[in-house]
Amino acid sequence: MNCFILSKNNLNDFLAALDSYELFVPIRKNGITVLAHIDDPLAIKLDLTSQPYLVKQTIFPQTESLFTFDRKKGIKAPSFETNHKSQVVFGIRSCDARGFCIIDPVFEEDYPDPYYIHKRKSTILIGLQCIEPFTNCFCTSVGGSPSSTEGLDLQFTDIGESYFVEVITQKGEEIIKVTAPFLSCPDKNQSVKKDEVKKDAEQKVKRKIDVNQLSQKIEQIFEDSVWSDLAEKCISCGICTFFCPTCYCFDIQDEIIRGKGKRLRTWDSCMYSEYTAHASGYNPRPTRMERLRNRIYHKFKQNIDRYGVSGCVGCGRCITLCPSNEDIVENIETLQRL
Amino acid sequence: MDNEKLIAEAKTVLLRGDIVGIIGYQKDSQGFRVSPLFVRDERDIEKLFFSPLCWLSLVNYLTLEKGRLLQKGNPGKKAKVALMVRGCDSKALNQIIIERGLSRDEVYVFGIPCNGVIDLKKIEKMFPDVQGSAQVSENNGFYHVRCNGKSHEVPKEELIADSCKHCVSPNPILYDVLLYTPIVVKQPDYRDIEEIDNMSIAEKWEFWREQFSMCVRCYACRNACPLCYCDDCILERLSPQWIYRSVNMSENLIFHLARSFHHAGRCAGCGECERVCPVNLPLMLLNRKLEKDSKELFHYTVGEKAEQKPLLATFNPQDPDDFIF
Amino acid sequence: MAVVPSALVIGGGIAGIQAALDIADAGFKVYLVEREPSIGGHMIQLDKTFPTLDCSACILTPKMADLGNHPNIELFTYSEVVDVNGFVGNFEVTIKRKPRYIDENKCNACGLCEQYCSIEGADPFNVNLSKRKAIYMPFPQAVPACYVIDPERCRFLLTHDCTQCVEVCKKGLNAIDFKQTEKFETVKVGSIVVASGYDLFDPVLKPEYGYQLYDNVITGFEFERLSNASGPTTGDIVINGKKPKDVVFIQCVGSRDKTVGNEYCSRVCCMYTAKQAHLVREKTPDAHITVFYIDVRAFGKGFEEFYDRVKLEGVKYRRGNPSEVYRKGDRLVVKAEDTLSAELVEVEADLVVLATGMVPGKGTVEIANLLKLSRSPDRFLMEAHPKLRPVDTPSDGIFLAGCCQGPKDIPDTVAQASAAAAKALIPLSRGKVTTEVIISFVEESICRGCGFCVEACPYDAIMLKQIQQNGNSISVASVNEVLCKGCGACASVCFSGAMQQKSFTDGQLLSMIAALGEQYA
Amino acid sequence: MLKKTDPEIVAFLCNWCSYAGADLAGTSHFHYPPNVKVIRVMCTGRMNPLLTLSAFRHGADGVLISGCHPGECHYMEGNYLARRRIALFRKLLGFVGINPERLRMSWVSASEGNKFSRVIKEMTEKIKQLGPLGLEEE
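Chains as they are written, first to last, in this note's numbering: chain A, 1 to 338; chain B, 339 to 663; chain C, 664 to 1184; chain D, 1185 to 1322.
These are computed hints drawn from the structure, not numbers from a lab.
Cβ coordinates follow ideal geometry from the N, Cα and C atoms, glycine included.
There may be inaccurate statements among the hints.
[Unchecked claim] In silico DSSO-like pairs for lysine-lysine, Cα to Cα no more than 27 Å straight-line:
1) A/Lys45 to B/Lys460
2) A/Lys204 to B/Lys542
3) B/Lys633 to A/Lys8
4) B/Lys488 to A/Lys206
5) A/Lys208 to B/Lys542
6) B/Lys385 to A/Lys208
7) B/Lys542 to A/Lys29
8) B/Lys542 to D/Lys1299
9) D/Lys1310 to A/Lys73
10) B/Lys460 to A/Lys204
11) A/Lys204 to B/Lys459
12) B/Lys463 to A/Lys29
13) A/Lys262 to D/Lys1310
14) A/Lys206 to B/Lys385
15) C/Lys1035 to B/Lys647
16) A/Lys260 to D/Lys1299
17) A/Lys206 to B/Lys503
18) A/Lys29 to B/Lys494
19) C/Lys998 to B/Lys643
20) C/Lys1128 to B/Lys647
21) B/Lys385 to A/Lys29
22) A/Lys29 to B/Lys643
23) A/Lys204 to B/Lys488
24) A/Lys45 to B/Lys542
[Unchecked claim] Some residues of chain D that are not near chain C, with every Cβ distance over 10 Å (derived):
25) Ala1204
26) Pro1217
27) His1258
28) Asn1298
29) Lys1305
30) Leu1314
31) Gly1315
Just chain A, with the same shape it has in the complex (with noise of 0.2 Å):
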C-alpha cells in the first residue's frame, strides 16, 4: 500500500489543487461540526478536532429530486452519465465511512437504487484518524476501530508536524496524483508514529457495549417490560435517526409549486409514530416502546441477520445528541443484564 507525508502547512493547498471536484470539508458552524461545500480551501477555516455531523448528507442527501414533471412538459428523470463532477469529502472518520459500507447493500442488492449508487461511485472519502476519541465513542464494540479504514480511499493520520497518508483504493490513487507536488515519502519513524497513534486511540475507546449473543438476546426478551421501561424517557423525536450514519429510511413525497413537480424522497424516522401509521389509521408500533424497541432490533439483530454486520458503527452521536438522555450504550448493557 502506497504512504506519503503531507505536511500541516500543505493541507489547504492539497486541497486547493482538487479544483477538479466538488470538494466537502469540515467546518465549524453553529457550534456544530458540518460537512460543508466549499469552493476556496485557501479561505476556509477546516475544523478537524471533532466529530462532523451529518456526514451520510453527502451521499444520501436528506431532500432528493427523482425526477421533476410539470403539466406541459411532462416527466424529467436526471441522467447519469458521469461527465459532471464527481466529489471529494475530506475529514470524516472511521465510523462514518464505515456507516456507507454498512447500508451499501441496502442500495444495491435486490433493486438497485441509481441515485446512491451513482453518488456513491462519484465520491472519494478522505479520512481522518481519530486521535482523541470522543466520550460516547464506542466503535471498537462494534466491530469498528478509530483506525479502520473501511469505506475509505484516503486515510490521515495527524503524527505532529504532518499528516501521515495511507492510500486505500485505486479512487485514492487519482487524489494522490493530482496533489503529488505536496507529498512527500515517510520515513521509518513516521510510519511507527503513525502505528503508535493508531494503538493508543484505540485504547481510548473507553464506552463499551457486549455485543456477544445479543442479537439471540433480544429476539428472546421481544415481549418483555423492560423496553417500555427503557424507552420511557424517550420523547421521539428524530435526533438518534437523523444523525446515524447507518439510518437509510426515507419517505417518498410529491410535491408541487407553482407548477412544477417534484417527487423527492427524505430522510424519515422510525422513531415517529406517523412512521408506520397505515392509512386505515391502525399503527403496528404505536408507542415510543415499540419504536425504541424496533431501532435497537434494527440495528443489533434485522441487520446482522441479513447482511451478517451489525448495525451499529458506535459512533455514539445518538447519545450526545439525545435530549432525554436516551444511551444505548446503556440499553444494550440493561438487556444483557436480563
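On the provided structure of chain A, position chains B, C and D as indicated by the hints.
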C-alpha cells in the same frame, strides 16, 4: 442544593396512596448527564435529585402518549402523578391545565425555584473527557464543578443556558409543596430581541436564512416542547399538508414560523426547544419576540393569571390597526 | 329540526301587547311576561296621544281586554324571565311569578278589601302624585283584573298584626292567600319577542332645572297624570292648589345631551310637549305658555300640522336651551338665551314642565344580559342590521319591538311590534329550522378539547362534550349546527386542525392557494 | 397576462364586505392592477396566519386580508380576531427578515369599490418597490 428535603417529601408523597408515581431527575453514571427518573416505589426514591444540571422539562412526560404513568393503573384518573416542576415548567403546566390538556387534580407538584440550568453542550465542551459521574452545585454566581477527582469554580455566565439568562419566572406559579427557597425575580430583558429588531430587513433575512438552512427538521424542538402535545402534529400531517416534507430553507422557515406562532400567548419560556436543537438554532428568539410583542401590543403575559383567556381567540376593540388600509 | 309552535313575548306594554296579539291571532301559543301586576306599560298612564288627541287609555284598554281573553295567550303578570336556554325553535324559558298573595282565579276585583285596608302609600301609577292602599289594583282597567298586596307595606306581611282584608274577603270569595310564595315555571318556545320598553330620564341629573328642589318643576310624564281625567286631580292642572297661569316647557331634557351621555334624540318629546302645551291652553285659555327648544322635530304623519296648530293657539316657541331655573318668591324664573334673537331671556313661571327623554329600561338591560344581546352605543338593544334587519337580533329567533330598541312613538312601536311578530312567526309557521351549509364541524379523533374555539365563537355555538376514546373519557368540541353561522373563526384558532369549516376547510383553502401559484407560473 | 417579474398579491376577501366591494369596483369600472388574485372566505375571522405563509411559499410577494370595517362584521367579531392575529404575525415576519409590508389588512365595505381599487394600487406599488420575495425557491 440539598436533596434531603426532596427525598423526604417524595417519601411522604408516595405513602399517600393516591400517587401512582413520581417523575423526577436522576444523575447519570456518565459525565454531566441527567435523566428523567420514574419512581414507582421506594427503591428508586433515593436516586431523586436536583442540581443546575437538570435541564429537561418533565412536564412532557405527562402528555406524551397521554403519559404512561397517568394511564398505568390510573384509568379513571383517580390517582395522581407527582413531578418535579421548575418555574418555567409550572407556567407550561398551568397553560396545559388552562387548555384542559390535563386537570390539576391529576398532578401533584413539587415546586422547585430554579436559578437557571446549565447548557449541557457548553459544559461538555469545557470539560470534554469526564470519567464517571460529575457533580455541579451553585453558589453566588459560580458553578462548583467536580469531575475526574478535581473541582473547578466556573462563573455562572459561562455555562448557564441562554434561555435561562432571560428567565423572569424562576419560582413555580403552582405547586403542592415548594422545595427550597424562592428566588428573586429578574425584570424582563429583551435586549437580545431588540438587537435583532434593530437589524435591517436584509440583515435579519441573512441571519435567519443561515440558521434555517441548517435545520434538519428532526422535530426535536417540537417534541421537547411541553406545550406541543397534540397526538399528531398539524405541521406533519399530509392531508391537509401545511408544510412540505422536503427539507430546504423555505420549508424550514415556514415550519419554524408556524411552530413559534402556535406558541404565541402560550410559550412558557422554558427554552427546551432551543436546548435540544442538535444544530443549535436560536429558536427562543422567535418565541420571545412573540412574547415581547404580545406584551406590548395586547398587554398579555403568559401565566399571569391562573384562568387566562387565549390570546388569539380573543380581541380588544382597541387593538393596533396601524397596518390596515 | 322541529320547532316548538309557541312564542315568548317579554314586556306587556303596547309593543308586547301588539306582538302577542298578532302571533296569537295567527294561531300560535303566546306566553306574555310582564313584571308589573298589570299589562299596559307606559302608554296606559298617558293622557291624550299626539297628534290625534285621542285618549290613550280609550284606545289601549280594548286591546288589553282582547289580550286578557285571548285563548292562545297565557299571561304571566307580576312575573320575570329569569333564565333562557336553547336556540331558535327550541328555547327553554324559566319564569318567576312573584306572589300577589291573592288568588287570581277567585278575586273579582270587588274592591272591598281596599276600603278596609288601613295602610296608604304613594301610588306609582300616578307617578306618586296620589296615594294607594297596601292592597291595590294598579288602575281600574287592569288586566288581569285582580288585586295585589304590596309586600313592602302590608302590615300582615311585615308585622302580622292586621288581617282586615282577609276578614272582609272571607265573607265573599276568600281570595286572599298569604301562603303564596315565588313560583318558577318553565315554558318551551320557538321564538322570542323582546319588548321590554324604556325608562324616563331622571331630571335630577340636570340640577340646573331644579327638579325636586321646586315642587312646581315637574316632568312631562307627571303632567300626563295631572291632566288625565282619571288622574289624581281628575284632570285639572293644579299646582299647590293654584291653576298655573305661566307655564314653561323645556325640551330635550336628557336627550341630545352629551353631558349626561345621551347623544340621541328621544323622538317623542317635541310632540308630547306640543300636545301638553295644547292641553294647558285648552284647560286654561288665558295661560301664557312658552316652549324652549333646540329644534322642533315634527317628522311624523300629521305632526307638522299639529305643531303649527299649537303655535297658532298662541304657544310661544323660543329657540334655546335654558341654562337655569331659579325661585323668585313663590314663582320660578327660567333663564335662557333665545338663539334666534340672540338675547338673554328670563321667563317667569308658575309651572315648569321638563320634557324628559327616554333611556333604556332597567328590564331591558337585564334582558340584554340574559339573552346575550348586544347593545348599540346609545345603550338600547342593537338590531342585526340598522337598515335591512331592524327588528332582528344577531341571535336567531329573537326579535325586538318598541322602545327597547330605541326611542319611538306609539305608531312606530305598534308597527315594529307587528313586524317583530311577523318575523317571530316565520320559524313557528315553517315548523322547522334549517341550518347553514358552511357551518363548522369537528374531527373528534384529533380534537384536543382545549376550548379555544369555544372562546372564539361569537354565537356560543360551540361547547365541549365528553366522549369515550380508547377507554378514558375525553372532552372534545362539538358544534351546535343550528347556532353556527359559518364564519370560521373557530377553525382559525384550532391548533390541531380538528375544527374545520365546511366548504372552507384548511385543505380546500390550501389547494386554492397552491392553484393560484400555479396560475402565475 | 402577468410577466414573471410582476409582483403577485394574494388577497383574502371576506364574503360580505370586501368581496362585494371588489365586485363593485369591477362593475363600476374602477381600474386597479391585475397583480391581485382573490380567495374568498366567509369572514376574515377564518384567516389563520399560517395560510398567508402558504401563499408566500407558493410565490406570492404580498398578501392582503380585507374585511368589514370594525363593528360592521357580518359575524360581529371576526375582523377583530383577524386584526389581532395579523398584527402579531406581521411582527414575526419582520423579525425573520420578511418585510411586514408584504402582509397588510384593509377594511373595505361593500360600498367602497373605489377604496378597494385604491388599496390594490397602493399595495401593488409597495410590493413593486420591495421586489420579489422568492420563498417559492429553495
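Okay, the hints, checked on the actual structure:
no.: 1; hint: A/Lys45 to B/Lys460; result: 21 Å, holds
no.: 2; hint: A/Lys204 to B/Lys542; result: 44 Å, violated
no.: 3; hint: B/Lys633 to A/Lys8; result: 55 Å, violated
no.: 4; hint: B/Lys488 to A/Lys206; result: 20 Å, holds
no.: 5; hint: A/Lys208 to B/Lys542; result: 46 Å, violated
no.: 6; hint: B/Lys385 to A/Lys208; result: 24 Å, holds
no.: 7; hint: B/Lys542 to A/Lys29; result: 18 Å, holds
no.: 8; hint: B/Lys542 to D/Lys1299; result: 34 Å, violated
no.: 9; hint: D/Lys1310 to A/Lys73; result: 35 Å, violated
no.: 10; hint: B/Lys460 to A/Lys204; result: 23 Å, holds
no.: 11; hint: A/Lys204 to B/Lys459; result: 22 Å, holds
no.: 12; hint: B/Lys463 to A/Lys29; result: 15 Å, holds
no.: 13; hint: A/Lys262 to D/Lys1310; result: 33 Å, violated
no.: 14; hint: A/Lys206 to B/Lys385; result: 25 Å, holds
no.: 15; hint: C/Lys1035 to B/Lys647; result: 19 Å, holds
no.: 16; hint: A/Lys260 to D/Lys1299; result: 36 Å, violated
no.: 17; hint: A/Lys206 to B/Lys503; result: 35 Å, violated
no.: 18; hint: A/Lys29 to B/Lys494; result: 24 Å, holds
no.: 19; hint: C/Lys998 to B/Lys643; result: 56 Å, violated
no.: 20; hint: C/Lys1128 to B/Lys647; result: 19 Å, holds
no.: 21; hint: B/Lys385 to A/Lys29; result: 38 Å, violated
no.: 22; hint: A/Lys29 to B/Lys643; result: 41 Å, violated
no.: 23; hint: A/Lys204 to B/Lys488; result: 20 Å, holds
no.: 24; hint: A/Lys45 to B/Lys542; result: 25 Å, holds
no.: 25; hint: Ala1204; result: 14 Å, holds
no.: 26; hint: Pro1217; result: 14 Å, holds
no.: 27; hint: His1258; result: 8 Å, violated
no.: 28; hint: Asn1298; result: 21 Å, holds
no.: 29; hint: Lys1305; result: 19 Å, holds
no.: 30; hint: Leu1314; result: 17 Å, holds
no.: 31; hint: Gly1315; result: 16 Å, holds
Going down the numbered hints, you'll see the structure goes against 2, 3, 5, 8, 9, 13, 16, 17, 19, 21, 22, 27, while the others check out.
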